[in-house]
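J.: Listed below are the residues making up each chain.
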Amino acid sequence: DTGVSQNPRHKITKRGQNVTFRCDPISEHNRLYWYRQTLGQGPEFLTYFQNEAQLEKSRLLSDRFSAERPKGSFSTLEIQRTEQGDSAMYLCASSYGRTQETQYFGPGTRLLVL
Amino acid sequence: AQKITQTQPGMFVQEKEAVTLDCTYDTSDPSYGLFWYKQPSSGEMIFLIYQGSYDQQNATEGRYSLNFQKARKSANLVISASQLGDSAMYFCAMREKGYRRVAGTASKLTFGTGTRLQVTL
Numbered sequence: 001d002t003g004v005s006q007n008p009r010h011k012i013t014k015r016g017q018n019v020t021f022r023c024d025p026i027s028e029h030n031r032l033y034w035y036r037q038t039l040g041q042g043p044e045f046l047t048y049f050q051n052e053a054q055l056e057k058s059r060l061l062s063d064r065f066s067a068e069r070p071k072g073s074f075s076t077l078e079i080q081r082t083e084q085g086d087s088a089m090y091l092c093a094s095s096y097g098r099t100q101e102t103q104y105f106g107p108g109t110r111l112l113v114l
Numbered sequence: 115a116q117k118i119t120q121t122q123p124g125m126f127v128q129e130k131e132a133v134t135l136d137c138t139y140d141t142s143d144p145s146y147g148l149f150w151y152k153q154p155s156s157g158e159m160i161f162l163i164y165q166g167s168y169d170q171q172n173a174t175e176g177r178y179s180l181n182f183q184k185a186r187k188s189a190n191l192v193i194s195a196s197q198l199g200d201s202a203m204y205f206c207a208m209r210e211k212g213y214r215r216v217a218g219t220a221s222k223l224t225f226g227t228g229t230r231l232q233v234t235l
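Residue numbers (our numbering), protein chains in the order written: chain A, 1 to 114; chain B, 115 to 235.
No wet-lab data here; the hints were simulated from the structure.
There may be inaccurate statements among the hints.
[What the hints assert, rightly or not] Have a look at the derived ranges for each label pair, beta carbon to beta carbon:
id: 1; chain 1: A; residue 1: GLN84; chain 2: B; residue 2: GLN232; range: 28 to 34 Å
id: 2; chain 1: A; residue 1: GLN17; chain 2: B; residue 2: THR174; range: 44 to 50 Å
id: 3; chain 1: B; residue 1: GLY176; chain 2: A; residue 2: PRO8; range: 40 to 46 Å
id: 4; chain 1: B; residue 1: GLY166; chain 2: A; residue 2: SER5; range: 25 to 31 Å
id: 5; chain 1: A; residue 1: GLN17; chain 2: B; residue 2: ASN181; range: 44 to 50 Å
id: 6; chain 1: A; residue 1: SER73; chain 2: B; residue 2: TYR168; range: 29 to 35 Å
id: 7; chain 1: B; residue 1: GLU175; chain 2: A; residue 2: ASN30; range: 20 to 26 Å
id: 8; chain 1: B; residue 1: GLY176; chain 2: A; residue 2: ASN7; range: 28 to 34 Å
id: 9; chain 1: B; residue 1: ASP169; chain 2: A; residue 2: LEU112; range: 20 to 26 Å
id: 10; chain 1: A; residue 1: ALA53; chain 2: B; residue 2: ARG177; range: 35 to 41 Å
id: 11; chain 1: B; residue 1: LEU235; chain 2: A; residue 2: THR38; range: 43 to 49 Å
id: 12; chain 1: B; residue 1: GLY166; chain 2: A; residue 2: PHE74; range: 28 to 34 Å
Beta carbons: idealized from backbone N, C-alpha and C, even for Gly.
Starting from the given sequences, assemble the full structure and let the hints guide the process.
T.: Spelled out as structure tokens, the structure:
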């Protein structure tokens, strides 16, 4: 399978706990995006990496959220001190910098904070 | 103002019929791209079709075509010969290329709220 992969697919946690999600992009893609999708809404942009550099962050990404892409390959998204409002689907996408630059998405990680 | 507007929360279509899903957008950027994605109940976003703002012809990909009307800022998705497997959420998205941006930086996708399509027998 050469698509974008995400782990875990599902995560249930208690309020106040920390969680970490992983995204493995398509191997030749240099750009990686994180989005959050809540019920009944379209995905909302969180942050973007070009290689290992984090180039853009949304105001949605509070201080409790941190993302890394240490070697320009896989990426992690960590949420500290989770709140019930963090419950959502977290989607990762990757692309290669060309004119069209289609973003290809992974299956997502569904987070439920109790 | 919403950048992407999808006014149809839900649509029904009979199998083998064609259906049009509406999308209007708002941008002052002269260079942008418009995308349609399909999201089945499993959750994965599947890329369907792309239209660039400078493309002269409407995009087509198999049974999918994009009715691009630049002056009206609309980019409607047309699915021909609907199949039961087409039942899913459909999202319209825009990427503003941001001509003032530093060269080499990419732009996020802005999504609409989606249209749920149900294909019936």
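J.: If you check the beta carbons of GLY166 of chain B and SER5 of chain A, does the distance land in 25 to 31 Å?
T.: holds, 29 Å
J.: Taking the CB of GLN84 of chain A and the CB of GLN232 of chain B, does the distance hold inside 28 to 34 Å?
T.: holds, 31 Å
J.: Evaluate the given range 43 to 49 Å for the C-beta pair formed by LEU235 of chain B and THR38 of chain A.
T.: violated, 32 Å
J.: Note whether the CB distance of GLY176 of chain B and PRO8 of chain A lies within 40 to 46 Å or breaks it.
T.: violated, 33 Å
J.: I want to verify a distance hint. Is the separation of the beta carbons of ASP169 of chain B and LEU112 of chain A within 20 to 26 Å?
T.: Check failed, 41 Å falls outside 20 to 26 Å.
J.: Against the range 44 to 50 Å, how does the distance between the Cβ atoms of GLN17 of chain A and ASN181 of chain B compare: consistent or not?
T.: The hinted range 44 to 50 Å holds for GLN17 of chain A and ASN181 of chain B, with Cβ atoms some 47 Å apart.
J.: Is it true that GLN17 of chain A and THR174 of chain B lie within 44 to 50 Å of each other by Cβ?
T.: holds, 48 Å
J.: Quick one: are GLU175 of chain B and ASN30 of chain A within 20 to 26 Å, going by C-beta?
T.: holds, 25 Å
J.: State, for the Cβ atoms of GLY176 of chain B and ASN7 of chain A, whether the hinted interval 28 to 34 Å holds or is violated.
T.: Given about 31 Å between the Cβ atoms, the range holds.
J.: Range hint 28 to 34 Å: satisfied by the CB atoms of GLY166 of chain B and PHE74 of chain A?
T.: holds, 30 Å
J.: Do the beta carbons of ALA53 of chain A and ARG177 of chain B sit within 35 to 41 Å of each other?
T.: Holds: the Cβ-Cβ distance is about 39 Å, inside 35 to 41 Å.
J.: For the range 29 to 35 Å, tell me whether the beta carbons of SER73 of chain A and TYR168 of chain B fit it or not.
T.: Holds: the Cβ-Cβ distance is about 33 Å, inside 29 to 35 Å.
Violated hints, listed in ascending order, are 3, 9 and 11; each of the other numbered hints is respected by the structure.
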